[in-house]
Amino acid sequence: MSATLLHLHTQPQVPLEAETLSPATIAGLSELGIEHLQVMHGNVKAKVGDFFKVTGKGTPDIHIEGDLAKVKMIGACMSEGRVIIEGNVGMHVGIGMSGGEILVKGDATDWVGPEMSGGRITVLGDAGHMVGSAFRGQSTGITGGEIFIHGSAKNEIGNSMRRGLIAIGGDAGDFTAVSMRAGTIIVMGKMGVRTGAGMVRGTVVCFEESQILPSFEYSCRYQPLFLRLYLIRLQEHGFEEKINDKHINGNYERYSGDAVELNRGEILLFSG
Amino acid sequence: MPEAAKPKESKNIRIVKDATCTFCGCVCDDMELTVDLDAHRITKAKRACVLGRAWFYEHTLEDRPVVLIDGKEATLDEGLDEAARILVDAKFPITYGLSDCPCEAQRVAVDIMDTINGNIDTTTSVCHGPSGMAFQGVGESTATLGEIKNRADLVIYWGGNPAESHPRHFTRYAVTPKGMFIPNGKKDRTVVLVDVRKTPSTPVADIFMRVKPGKDFELLWALRALVKGKKISENIEEQTGVSREVLDDLVERMKNCQYGVLFMGMGLTMTRGRHFNSGAIYSLASDLNEFTHFVAKPVRGHGNVTGADNVVSWQTGYPFGVNFNRGYPRFNPGEFTTSDVLARGEADAAMIVASDPASNFPKKAIEHLEKIPVISMDVKETHTTRLSRVRFAVATYGINTGGTVYRMDDVPISLRPAFDSPFPTDQEVLEGIRQRVKKMLSGSKARVAA
Numbered sequence: 001m002s003a004t005l006l007h008l009h010t011q012p013q014v015p016l017e018a019e020t021l022s023p024a025t026i027a028g029l030s031e032l033g034i035e036h037l038q039v040m041h042g043n044v045k046a047k048v049g050d051f052f053k054v055t056g057k058g059t060p061d062i063h064i065e066g067d068l069a070k071v072k073m074i075g076a077c078m079s080e081g082r083v084i085i086e087g088n089v090g091m092h093v094g095i096g097m098s099g100g101e102i103l104v105k106g107d108a109t110d111w112v113g114p115e116m117s118g119g120r121i122t123v124l125g126d127a128g129h130m131v132g133s134a135f136r137g138q139s140t141g142i143t144g145g146e147i148f149i150h151g152s153a154k155n156e157i158g159n160s161m162r163r164g165l166i167a168i169g170g171d172a173g174d175f176t177a178v179s180m181r182a183g184t185i186i187v188m189g190k191m192g193v194r195t196g197a198g199m200v201r202g203t204v205v206c207f208e209e210s211q212i213l214p215s216f217e218y219s220c221r222y223q224p225l226f227l228r229l230y231l232i233r234l235q236e237h238g239f240e241e242k243i244n245d246k247h248i249n250g251n252y253e254r255y256s257g258d259a260v261e262l263n264r265g266e267i268l269l270f271s272g
Numbered sequence: 001m002p003e004a005a006k007p008k009e010s011k012n013i014r015i016v017k018d019a020t021c022t023f024c025g026c027v028c029d030d031m032e033l034t035v036d037l038d039a040h041r042i043t044k045a046k047r048a049c050v051l052g053r054a055w056f057y058e059h060t061l062e063d064r065p066v067v068l069i070d071g072k073e074a075t076l077d078e079g080l081d082e083a084a085r086i087l088v089d090a091k092f093p094i095t096y097g098l099s100d101c102p103c104e105a106q107r108v109a110v111d112i113m114d115t116i117n118g119n120i121d122t123t124t125s126v127c128h129g130p131s132g133m134a135f136q137g138v139g140e141s142t143a144t145l146g147e148i149k150n151r152a153d154l155v156i157y158w159g160g161n162p163a164e165s166h167p168r169h170f171t172r173y174a175v176t177p178k179g180m181f182i183p184n185g186k187k188d189r190t191v192v193l194v195d196v197r198k199t200p201s202t203p204v205a206d207i208f209m210r211v212k213p214g215k216d217f218e219l220l221w222a223l224r225a226l227v228k229g230k231k232i233s234e235n236i237e238e239q240t241g242v243s244r245e246v247l248d249d250l251v252e253r254m255k256n257c258q259y260g261v262l263f264m265g266m267g268l269t270m271t272r273g274r275h276f277n278s279g280a281i282y283s284l285a286s287d288l289n290e291f292t293h294f295v296a297k298p299v300r301g302h303g304n305v306t307g308a309d310n311v312v313s314w315q316t317g318y319p320f321g322v323n324f325n326r327g328y329p330r331f332n333p334g335e336f337t338t339s340d341v342l343a344r345g346e347a348d349a350a351m352i353v354a355s356d357p358a359s360n361f362p363k364k365a366i367e368h369l370e371k372i373p374v375i376s377m378d379v380k381e382t383h384t385t386r387l388s389r390v391r392f393a394v395a396t397y398g399i400n401t402g403g404t405v406y407r408m409d410d411v412p413i414s415l416r417p418a419f420d421s422p423f424p425t426d427q428e429v430l431e432g433i434r435q436r437v438k439k440m441l442s443g444s445k446a447r448v449a450a
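Those protein sequence lines, which keep their order, are chains A and B.
Just so you know, the first sequence maps onto residues 1 to 272 in the working numbering.
Just so you know, the second sequence maps onto residues 1 to 450 in the working numbering.
Everything labelled a hint here was simulated from the structure, so no lab data went into it.
All C-beta atoms, glycine included, are put in the ideal place defined by N, C-alpha and C.
Each hint should be verified, as a subset may be incorrect.
Claimed, not checked - Stretch-level coverage of chain A by chain B, calculated; a stretch enters the list once three of its residues show a Cβ under 8 Å from a Cβ in chain B:
#	stretch
1	12–19
2	42–48
3	74–87
4	98–106
5	214–223
6	240–254
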């Protein structure tokens, strides 16, 4: 079955909220059916066909072309299938997804994968703030799945995340893993300040030196076995240039915290 | 500050007792104004601080057209028609400002955005918005300034300089006044000031803690750990600039006071960490309630910015950065806050009420503001009014118009205007726009929830 192709022919003037651009909605529809799906162009109801040329029947495999920086919520609530975005993408990509795969070949903006519980989002470029984070006012971020950012990401990666894996190939902003409940975040570049503030459980790994909050305590220097499995898996997903044998077999300094919370979280800093 | 210039003696004098100053968030309501009704000037403002005197004395009625459309004078009706048309035609209209107008005007602005499915935001998003976000995340142990005046024996100012920004905060509410359980005023209180440098507020403090710039969060987090009896790293002084001994002493004072208060300024909320800094201070106050009574309050800037939070919360459920595009309110700072929306080039029309974003927003945001039709309402000419397609000159709230404002501790206070203005009020202009918007949308382009 060939993929459904959507080509952006008209750039939206204002943000386009397009949660219908998801295998969950498109699969099984005709070309005309897809073109008539509703999107919100600012405060006006519009149709997918007003902005996209659709080629092929609706399948769980969707390719979208064009600069989608103003298009939000692509891949919303998908549980299977694949979405390939051949450029940049707007906010909330993969919101509420529980399965399947999203590949962004350009950059993503803020809130990659909010309310995600399964599946995988890969961004080959950079991402904005709040990757895999809770929305404001929510107590829980992502509860499962994988988010792989090959470039850098900004502040609050994995805010309040409860399970899942987030890997950042470049640098991370401030407050990585803030209020983290569980899960794993691996940063291959530098981290900003205040990593793990208020974290309850979970693991943050960084290949570079990093500032540690005063409420974290140095535990030991060791070779975490579980990390080898994670890193070998990440090598298979395109991070082979960032992850070397020294990272897989090397030592890590472990800091435990956050003391103001349960103190069951850990930050592992690569130390050679 | 000298008294206002008096060109000649006037017999047409009016005394306004218990008038309210709306310059800052203290909203002092014990002013006694002497008004020269012939000259349309306030000649004396008894009990006003240096900022309040400037606010009252420098207020004059300028000779400006009420409405300008594309720089040309127009009638009020023409201005209202054009403003309504701009808003109705827009796909992503935004409203911003609102912190220097009364609640009665604010609620009309919210209704307009609700009607046209727009985006509403206030200056809170660039001052104490982080406190609002933190409040939502971790809760708030709060009190009125009256309660603080009567009970607080430990007062901590963090990241603020009230001596210059809120001159009467010390004398009217928190440091020197005698209270029901603080009979000797300042003598019964311990005042702590935390800042990155010495300021004119420093001499008021019994303890001054100089924190390294950008290390407030680390210091607050260390205090939280110490209050909970947890270990902190040994290099705390190297990290934050404050020694372990000073921290231990402060923790003991905080745990053992009768009633403590943490006041936070924009030195905390608008520096690196923002809502997490505010969250840390709210959490510290909550932690301390295990031992004693402790509250945390933001020291708000604009006269009615607290009212804007209250009105927007009451009408939409959220305090700022609220979007109605889908017919129901959604709150997401960063996505729906005005500086972000403009910097990303998303809005296609803007209504700016009593604010001047064109002078203080990021360059990218201002550049986008210059590209879209802007409707502005302000008492003075500003950078924003100059780039506006439709500009309304309005009367000054508190001096020319009545209404309700909220003090920084969420206490509503009525205004007693000093003299009349030939200009319409914010509320009148907004009401005019609302009527026209509703008329334009009725029966045709009804915007229904998606």
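How the hints compare with the structure:
no. : hint    : result
1   : 12–19   : holds (count 4)
2   : 42–48   : holds (count 4)
3   : 74–87   : violated (count 0)
4   : 98–106  : violated (count 0)
5   : 214–223 : holds (count 4)
6   : 240–254 : violated (count 0)
Of the hints listed earlier, those the structure fails to meet are numbers 3, 4, 6, in rising order.
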